[in-house]
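Chains as they are written, first to last, in UniProt numbering: chain Y, 1 to 735; chain B, 1 to 240.
Rather than coming from a laboratory, the hints here were simulated on the basis of the structure.
Ideal Cβ positions, reconstructed from N, Cα and C, are used throughout, including at glycine.
Just to be clear, a hint being listed does not mean it is correct.
[What the hints assert, rightly or not] Restraint ranges, calculated between C-beta atoms of paired labels, are given here:
{"#": "1", "chain 1": "Y", "residue 1": "S58", "chain 2": "B", "residue 2": "Q150", "range": "43 to 51 Å"}
{"#": "2", "chain 1": "Y", "residue 1": "R718", "chain 2": "B", "residue 2": "Y184", "range": "36 to 44 Å"}
{"#": "3", "chain 1": "B", "residue 1": "R26", "chain 2": "Y", "residue 2": "L691", "range": "48 to 56 Å"}
{"#": "4", "chain 1": "B", "residue 1": "N92", "chain 2": "Y", "residue 2": "E213", "range": "43 to 51 Å"}
{"#": "5", "chain 1": "B", "residue 1": "I75", "chain 2": "Y", "residue 2": "G137", "range": "48 to 56 Å"}
{"#": "6", "chain 1": "B", "residue 1": "G226", "chain 2": "Y", "residue 2": "F715", "range": "38 to 46 Å"}
{"#": "7", "chain 1": "Y", "residue 1": "I129", "chain 2": "B", "residue 2": "A189", "range": "57 to 65 Å"}
[As the list claims (entries may be wrong)] Stretch by stretch, here's where chain Y covers chain B in the computed footprint (C-beta under 8 Å, at least three residues):
{"#": "8", "stretch": "41-50"}
{"#": "9", "stretch": "87-100"}
{"#": "10", "stretch": "141-148"}
{"#": "11", "stretch": "172-182"}
{"#": "12", "stretch": "198-206"}
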Amino acid sequence: MATPSLLDDLGEEVTGIVAPVSLCMAVTVLLVRLLNPEGISSSNTVLIASIAYQEQSSDSSGKKFGGALLNALIFVAVVAGMTVVLFLLFKYKCYKFIFAYMGFAVFNIFFFITGALFIQVMQVIDLHIDAFSLAYGLFNFSIVGTLGLLFMPIPLLSKQVYLIWVGIIVAYIFTFIPEWTAWVILCFMALYDIVAVLVPGGPLKALVELAIERQQELPALIYEARPAGGRPYVRGWGNRGQRGEDGPEGAGPEGGPPGGPPGGPDANGAVMAAPPNMVPSPHNNSRGPRPVAEASSPAAGGSLEMRQPTTRAMAQAPGQAAAAAAAAGSFDPYEAPGSPGGSGAGRRRAAGASGGGWVQAATTRVAPAVGAAGGGGGVDSETQVLPMRLSTAGAADAAMEEQWQQQPQRLRQRSQGGGAGPGPRPVAEGREQGDWQPLPAAPEAGAAGAALRVRPGGPGGPPEPLGAADSGRSSPRSHTSMEPLLNQRAAAAVLDRDLRDFDGAAGTSSRGRFSNSSAGPQGREMRSLQPSAGAAPAGKGALDPFLRGPSSGLAAAGGAAGGEPARLTSPGTMGVRAVAPAFDAERLAEAVRRNTLDGELPASTPPPQLAGAPPPDGHHPHHRGHGHHDGAGPQSDADGGELPDLPDSIKLGLGDFIFYSMLVGRAAMYDFMTVFAAYLAIIAGLGLTLLCLAVFQKALPALPFSIALGVAFYFLTRLTLEPFLVPLATNLAFF
Amino acid sequence: MPIDFFGLFFLGLGPGIAFFIVLIARKSFLVLLALFSAFLWLVVLLFISAIFRAFVPLSSTIGPYTGMLAASVFIEEAVRFGTWWLHRVTLNTLDNMARASGHRFGLLDKLYMAVAWGYGHGACHAVFFFLSLLPLTTGDGTLYVGTCPQMSVFLVGALYSLAFGMILTSLTVIAFDGYMSRSYLVVAAVALLHWGAAFLTLLNFQQDGCLVAMPVLVALGLLLTGYTVALCWKKGKVAR
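Between the sequences and the hints, there should be enough to build the whole structure, so can you do that?
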């Protein structure tokens, strides 16, 4: 097979975001043209946007502008206010309330508003549907959407579809904002986004910091693109993150009965750009902290989150096993495509690769919760090291690790997602290889799985080619090979012990969490277990906050889980299924060898099929991973002269979707030329923002560039392009 | 009528969309490059329109429009040199990346990129000259110009979109090849071809001129596409 071309994967992460944004805009424009061809605005649809001044077409421009300014100020103030409210709720631990509210808002969007729009569309296109079918379908759609976005894991594609749907609906509602007010609101929201995401102080930042400190996910609706390169998508905490404020955000101001979730603006607020955190890597404490990108919960502001690919990728590997077990069905599609190199493992950086990466990955997700902890060197370490520790701990730990594996999947996801939702997730930077500790336990774990797990990707592991540049290396195996070997009994025992320990430390919340975890084969549950598992050896206290992290979601959902008393003790609740190891003996041995070859991992060895020289500076052809060099081995530092790199999967807050689509929808009310001009401008702005993301490696506000360009191009098109092109076209003179 | 809309949509943009799906959508980078190229050419269009803002609407005679077309094409050709420069920079960067990572970045990839640049140009023109007016046909009306009672304005736009999509895409590839091989004759020929195609549309000012101009433009597009294919084929052979 010929060497893969550079163009094959380059930019995949970006199209993973550009495509859904384009889709959201396209459907919004379609809805606007279909249902509102006259471009009638209504001051009553979005009450919050028209409190101070109701626009009349007969007013003078000055009055309209002044009124619009006032409206926009109030709108932004409401958004900020809701962020404060959210912050307070979060601070006083009213997680259930937050999730309940968001669930209510999202359900409204999916059921009432979608239903109303659907009926209108049916009327316009002259189709008919009976009330019972409509109610049935709509109800199912709404319930699945609400539960899937907020409380339960559903396949990534479904989640993406639902998120895009929320964006479409809210944007469509926002197009009813009167014209002047709408444009001024867009500008003000872009400014607010900058302030909220970048300026220290203010409710959004405080919220993010609190989330980091508590290692708790913030509820937020964030769109996370599938990891590029076919890496498996790890469902994990990330999911939790997806709910979000954004949902409410959009609807927020709406006063109508369906009541867009008031949280709307809030969601924006929720966006946070957490400043990169330094998360010391557990193993490699000597290395020093690694910069961590925080995922902010994007809430409306929609900051782009950077996820460190490495970490994430890594997590994937183990995660896969877990995931496979946990969510076999949904998993496969995600994993299949990429798996081999794709898997996050590839990511890069494997530099540290092998172990490090994976540790990181696992940690990542965990990390966010955990890592966030500033203090947490220990915590971080823990997380990071989790797998490691497990291995060192011994056989029992191996079992734990098993559980852990499952978690990473989610973690990965999260990490990938970048802050998926909840709060900022610090994403650990790739760790170097050096961080990786040999897994003495691996052999003792006995199961190939243990080694398997530990190793991010071993030679066989889909997730990650050890140390190799991700690009080339592709694990031959599919994710299924990563299925953990699980010694259920041991795992259960360990879990039990952990629980007991943990419970002591964590208290009831963890209990609840655990019971949730045990809920089922969902990775999520395992997730919470993981931390505890990890915690056990590492030190529970540190993990407590971490554990709490998922709990919020879990707790909320947990109403579902219900049971307070941990059901964990029964092995069956672990949701881990023993599966024959995919690795054969050689691969396992190799994996072990690799793991232990800490500094000697051929980080700079190009993937076998690649002929080229090893990347001198970890330059990733696919721009994956962050600046760690493979070759550098333990040191590579984030910016060692590499080209800036984008995280493997970019997260974009739903608020960004909403305001982009609102802008384009508003442009659609004038003419299609403005639609296309605004669309190209927004995409260009998005590209520019992603460029900055790659360069600055921290969560950034996604609104400013796009809104600025979009608004400018809209008015320029209206002013100059249209009077020029239309006569040309109608006179049949073209160039 | 909606049938007008879909018919003309597929006539004018069908081949372009098919081309996109088959060739460009396969690689994310090309999609992004095409989007960037379209954005760039939109900026150029805005710039041109800003220059002419004071003069529009021109009287519907051939003279002013000749001048306007000449100036517009001149600006566009000047910008084409700029896109070549950007293309060079990108090629260098990607070359380095490929060398570093061991991936292949060969002639085929460079041609892909040139095609993406050209496609962005063609798509931008097709969208703004044609697609932005097409939704008017979803209503109940249509529009004809006196000098061309045989084809509606929208049909002419569709044919333009078809023809110029091919022309502009091919011209970019040919131009980049000319720049690459320092053959400025080729570059000049490209500019002249663009002018020629634009001036051909001036035939539409003559009564029934559109019957000649539009098919000739489509034929020119096919010709240039064939030439580009032959060029790429030859280059590929040489490279091998």
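A quick look at each hint next to the structure:
no.	hint	in the structure
1	Y:S58 / B:Q150: 43 to 51 Å	holds, 45 Å
2	Y:R718 / B:Y184: 36 to 44 Å	holds, 39 Å
3	B:R26 / Y:L691: 48 to 56 Å	violated, 23 Å
4	B:N92 / Y:E213: 43 to 51 Å	holds, 45 Å
5	B:I75 / Y:G137: 48 to 56 Å	holds, 53 Å
6	B:G226 / Y:F715: 38 to 46 Å	holds, 42 Å
7	Y:I129 / B:A189: 57 to 65 Å	holds, 59 Å
8	41-50	holds (count 6)
9	87-100	holds (count 7)
10	141-148	holds (count 4)
11	172-182	violated (count 0)
12	198-206	holds (count 5)
In this structure, the hints that do not hold are numbers 3, 11, in rising order.
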